[in-house]
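Asks: With these hints in hand, go ahead and build the complete structure from the sequences.
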Amino acid sequence: MFVVQQCGLVARCALEVEDSGEERIRKIKRLIRESRYGIHDISRVQLDGGTGLPRFNMPLELGLFLGAQEYGDAGQRLKKCLVLDSEPYRYQSFCSDLAGQDIRAHHNKPARAIAAVRGMLATSLGGERRIPGEARINARFTEFRKELPLYCRQLHVRPSELQFGEFRGLVQEWVVNHPL
Amino acid sequence: MGQKKPWPTVIAEGDTGRFTREQIREAIRVVDERKARRAARAAAKNGGDSKATA
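Chains A and B, in that order, give the protein sequences.
170 is the number that my numbering gives to position 148 of the first sequence; each next residue is one higher, with no gaps.
83 is the number that my numbering gives to position 20 of the second sequence; each next residue is one higher, with no gaps.
Calculated from the structure, these hints are not laboratory results.
Each hint should be verified, as a subset may be incorrect.
No more than 25 Å apart at the CA atoms, straight line, and that leaves these computed lysine to aspartate or glutamate pairs for DMTMM-like [what the hints assert, rightly or not]:
(1) A:K101 / A:E83
(2) A:K49 / B:D78
(3) B:K98 / A:E165
Partial chain A-side listing against chain B, Cβ under 8 Å, derived [stated by the list, open to error]:
(4) V32
(5) R151
(6) R152
(7) L172
(8) E195
Think of the CB as a built atom: it goes at the ideal place given N, C-alpha and C, for glycine as much as any other residue.
Replies: Written out as structure tokens, the structure reads:
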């Protein structure tokens, strides 16, 4: 999310859905329709501790995005998508039909995820705006993360209690108040 | 040579949950000001120390 905001875009997420009363799948479809870029991290497809079954929300959302890209109108066909996973080729064990998509491994390291997202956005937006380098974004993210508990203390909330919109608001305002 | 493109500007958009944008801005301002004061005090102390040593 930090990279997206740092590149001047607005991060949207299915987690927004949990904060509203709108029917979940309807809101996810609307969110996908309104987004030109999609970043889907399928590394969190893990077994649920209680049921022993995998949680497939992320691949479902990725499927909706790919469907919009393929079958949507001219605007929807301009969509671009990045798929992230923890290890290269891991997806072949559980979602082999994804072969051919732009899939990057982040090895569960924030710096690798930052580099992948920044790379995709720089390629897509390079003609429109200047995009900071991955080292610069990484340094700024480290600084933000260091200060986050202090900002949260001011807001009388723990970092782990922040909802998606609250965290996004903090990132947006931090980026504006700490210009490049 | 063409003009340099500007750095991207973040568009403040979307729901901010339990906090208003003003509250978030204020929290950032307070923390950043404290940090700046600490840095200024440390710099003054270091400057004083180096003068004392000299």
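Asks: The structure should be examined with respect to each hint, and the outcome stated for every one.
Replies: Evaluated hints:
{"no.": "1", "hint": "A:K101 / A:E83", "result": "holds (14 Å)"}
{"no.": "2", "hint": "A:K49 / B:D78", "result": "holds (14 Å)"}
{"no.": "3", "hint": "B:K98 / A:E165", "result": "holds (12 Å)"}
{"no.": "4", "hint": "V32", "result": "holds (5 Å)"}
{"no.": "5", "hint": "R151", "result": "holds (5 Å)"}
{"no.": "6", "hint": "R152", "result": "holds (5 Å)"}
{"no.": "7", "hint": "L172", "result": "holds (5 Å)"}
{"no.": "8", "hint": "E195", "result": "holds (5 Å)"}
Checked against the numbered hints given earlier, the structure satisfies every one of them.
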